[in-house]
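J.: If you read the sequences in order, they're chains A and B. If you're matching positions, the first sequence starts at 0 in numbering that gives the first Met the number 0 and goes up one per residue. If you're matching positions, the second sequence starts at 0 in numbering that gives the first Met the number 0 and goes up one per residue.
Note that these hints are calculated values from the structure, not bench results. Model, not experiment: these values are computed from the prediction. Check the hints yourself; a few may be wrong.
Note: identical chains are not told apart, hence a pair may lie in one copy or across any two.
[Said to hold, decoys possible] Below, simulated SDA-like cross-link-like pairs (lysine to any residue); rule was C-alpha separation at most 20 Å, straight line:
#1 K219 to D306
#2 K277 to D18
#3 K266 to R324
#4 K125 to P224
#5 K219 to G165
#6 K219 to R163
#7 K219 to G251
#8 K125 to A111
#9 K219 to S355
#10 K273 to S58
#11 K219 to Q246
#12 K219 to Q249
#13 K125 to A14
This is what each chain is made of:
There are 2 protein chains.
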Amino acid sequence: MNAPSSFVPAPALPAAFLDELRAGFAERCSTAQAVREQHGRDESVFDVPPPQAVVFAESEAEVARVVSLCAAHRVPVIPYGAGSSLEGHLLAVRGGVSLDVSRMARILRIDAEDLTATVQPGVTRKQLNEALRHEGLFFPIDPGADASLGGMAATRASGTNAVRYGTMRENVLGLRFVNANGEVVRTGSRAKKSSAGYDLTRLLVGSEGTLGVITELTVKVHPLPEAVSAAVCFFPGIDAAVRTAMQVIQLGVPIARCELLDANAIKAVNAHDKLGLKEAPMLLMEFHGSEAGVAEQAAATVQAVADEHGGEAFEWATTPEARTRLWTARHHAYLSGLQMRPGCRAVTTDTCVPISRLAENINASIDEVEAAGLPYFVVGHVGDGNFHMAYLLDPARPDELATAERLSAQMVARAIRLEGTCTGEHGIGLHKQGFLRDEAGDEAVAVMRALKAAMDPLGILNPGKIFTGPGPGD
Amino acid sequence: MNAPSSFVPAPALPAAFLDELRAGFAERCSTAQAVREQHGRDESVFDVPPPQAVVFAESEAEVARVVSLCAAHRVPVIPYGAGSSLEGHLLAVRGGVSLDVSRMARILRIDAEDLTATVQPGVTRKQLNEALRHEGLFFPIDPGADASLGGMAATRASGTNAVRYGTMRENVLGLRFVNANGEVVRTGSRAKKSSAGYDLTRLLVGSEGTLGVITELTVKVHPLPEAVSAAVCFFPGIDAAVRTAMQVIQLGVPIARCELLDANAIKAVNAHDKLGLKEAPMLLMEFHGSEAGVAEQAAATVQAVADEHGGEAFEWATTPEARTRLWTARHHAYLSGLQMRPGCRAVTTDTCVPISRLAENINASIDEVEAAGLPYFVVGHVGDGNFHMAYLLDPARPDELATAERLSAQMVARAIRLEGTCTGEHGIGLHKQGFLRDEAGDEAVAVMRALKAAMDPLGILNPGKIFTGPGPGD
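Bound-form chain A, shown alone (with noise of 0.2 Å):
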């Protein structure tokens, strides 16, 4: 894809500038091809040229240090975690610096008693889930990816278990950020609730970058459940299953993750793993609760339910083992999804509507795909009403791209028709801002406007996302 519009050729690094990052950060500060090539990509569509240094921070007191003297010389800066964002954040479309804060990685507290973790933003959430499992606990969101738990806030990620758990949005106490003239601000407390002022904490989460450069969280973790259950069931069409899910979730039954695969991607993880699943809209639940009521959810409530829908071929386990082969069509469906069209490139949507408008959404989107002929296939997180449709295209054929950019685009606008977001948890970035301000309207977005100019006045911190401007040459 050719570069964003929010793209603008950057001069080149001030002399003085450099001078000093070097002075400071010696081989931690790089401009190597390679380096800064590495950084300058990310899952997303967009071409443009990498970030023209590269930092390895490994304190607040560096990630301040840097933010300082950006701002002094007035160069963007790019906050780096895990690079696994799909939406652009990383890529410098105004040049600068990429902050990368993967080293600073370290878990800072556990305080099992009151169910609190303190980390630094490069720690992964599989590396916190290692540290948490000897206690007994363990963190909910789960994206997908091994991203850091900088970047997933700055996203406000989520991914499988947010139906039980909440997102980022729910589960960041507080944190600390440096803020853009270098200073360092606190959010929150570990206290689980506070009426003390605005909220800072959650203003910054979802920021992508914009606002200042995450440094520590504070992040609710949760006790393991007692006892775990999958299960698996397949429906005639969307609408069945995603009714059956909607109807689960009604009977307050604490369901844990509630995710979606359809026919092709059934196809795609049978092609990949030779699963022999029945090639239909299947719905993979997990219920976390105590030994009887998690028997009692599973297996009498919502098979009921499921059977009223005309589930089929319901199926359920409780051991480790078992629910890992269930979970192991939804595991690979990406992967296995691409394979479907080898040397393909996808590109992902992300809306989210009330849940009883999902299978509309759904329904209608494969409607147009199927009518525009581009090969694809659906996963769901389908108890949050947030569905994701890879568009599987010909890197060769440039009309494939603008046909998935019109699908999406036509997606997007039935979304916000319903109620809904453009999207649930990828973020806006370089992709979505003109549908940021189809959905949230004008005033929403002039707020927001005001808010990065207020906290970022010379338009350093990742200039060019989630709305152009103000940065540096604006």
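Given the coordinates of chain A, work out where chain B should sit on it, guided by the hints.
T.: This is chain B only, laid out in the frame that chain A set:
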């Protein structure tokens, strides 16, 4: 109490302004002393002159008109809902207009399938629950008073039930507000989650009327639980009661309410209602779930944990009548407590700490108040680490108020040392502006001030709250 430090005597309202207001609102614009005084009193201890005028708005367009007029004439505007603030939020410390939205009390939509409700800001929680009951749903946030949803959002209210269902922070999906220019801004959507730009919803939640006037809210609602049971138990000390609550939560039991009453609160309700309860720290718990789950939780797990901590007289109830009897003590605690010292005035604290620190915070606060010799009682939302100590003061003895303020300041300083907050659910208002700075730090308060200045450059929206200024005349 004297006027707070943020009190600034206000000039008379401009005649042209009042003329325009009267032309637009006729008898719904009042400068009558009785109406003004009724809008100039809340549950706080401050004594300031009432607002200079009161306007009763009946629509969002009318709210926008009032705010626009106030902006044009630089007159402060103070949103008014049910008047149940404990922290002086509605007091006209810079004069101006009280904008009463209590007549905007329509429930606009209930979407049972999506578990959402959309309401005007004057709808009270009891009114909403009455409407939801017919759909098998409920709205869990219960701060005690029958507060308006707009006011509850503005103070980030919670109360009992938050341990399971969260606070207004977690339960507002989106809202509409009138900004300082008189424009309507929409935030959020009916989707359960979103990563679309800055979280303006949560910036408004807890903003205490200083960033905009909330004109509509979409909230999460919940299925009425299939089974509800309540349990009470008495403990040899606060420690044992809090440790019991902590372990129950750690075990992953989905407890919905978890309230503590100290021996003084029990004495008060015994005197008031002849309940004959043991005069010892009491834990009152409620469990929501399925028939099997609730029985299992309350009977087995919780009783075993309470036993370990020396709990006595464990009693539990599953019928509504039996539950109501158990809850009588909690519902009557505040009023009964006041009657322990007839004619007294109460100052109520609101610290919230990580639950592992709660017993220390309560016990030290009790030691201090006992040493000072003030009458008091304690009620606590212990599942959240939040408790309220009410100091019962003789209004004729200013020395008692001074003592209460000193004790309160000691308690807040301790709560902050214990990694908690000065206010779990009441807000900053007028009373805790110094505490906010102690808790959040100068850098965070500077960010909050920058946001306020960006969104309300003239300082007309509830000036003098949270922090003083910027405002007309500053």
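J.: Now look at each hint and say whether the structure bears it out.
T.: For each hint, the structure was consulted:
Proximity of K219 and D306 under a CA criterion of 20 Å is satisfied in neither setting, with 36 Å inside one chain copy and 28 Å between copies. Taking the shortest Cα distances, K277 and D18 never come within 20 Å of each other, neither inside one copy (62 Å) nor across copies (74 Å). For the identical chains of this complex, K266 and R324 are intra-copy neighbours only, at 16 Å inside a copy versus 58 Å across copies, given an alpha-carbon limit of 20 Å. In this assembly of identical chains, K125 and P224 lie within 20 Å of each other by CA distance solely inside one copy; the values are 18 Å within and 34 Å between copies.
Both within a single protomer and between protomers do K219 and G165 lie at most 20 Å apart by alpha-carbon distance, with minima of 11 Å and 13 Å respectively. Proximity of K219 to R163 under the C-alpha cut-off of 20 Å is found in both arrangements, the shortest distances being 14 Å within a copy and 14 Å between copies. When the C-alpha separation of K219 and G251 is checked against a cutoff of 20 Å, the pair qualifies only between copies, where the shortest distance is 13 Å, while the shortest distance within a copy is 23 Å. Taking identical chains as interchangeable, the C-alpha atoms of K125 and A111 lie at most 20 Å apart only when both belong to the same chain, with a minimum of 18 Å there against 36 Å between chains.
For the homomeric pair K219 and S355, the shortest alpha-carbon distance between copies (14 Å) is at most 20 Å, but the shortest distance inside one copy (30 Å) is not. Taking identical chains as interchangeable, the C-alpha atoms of K273 and S58 are never at most 20 Å apart, the minima being 47 Å within one chain and 61 Å between chains. Taking identical chains as interchangeable, the C-alpha atoms of K219 and Q246 lie at most 20 Å apart only when they sit on different chains, with a minimum of 16 Å there against 28 Å within one chain. In this assembly of identical chains, K219 and Q249 lie within 20 Å of each other by CA distance solely across copies; the values are 12 Å between and 25 Å within a copy.
With identical chains, the CA atoms of K125 and A14 are never at most 20 Å apart, being 40 Å at best within one copy and 65 Å at best between copies.
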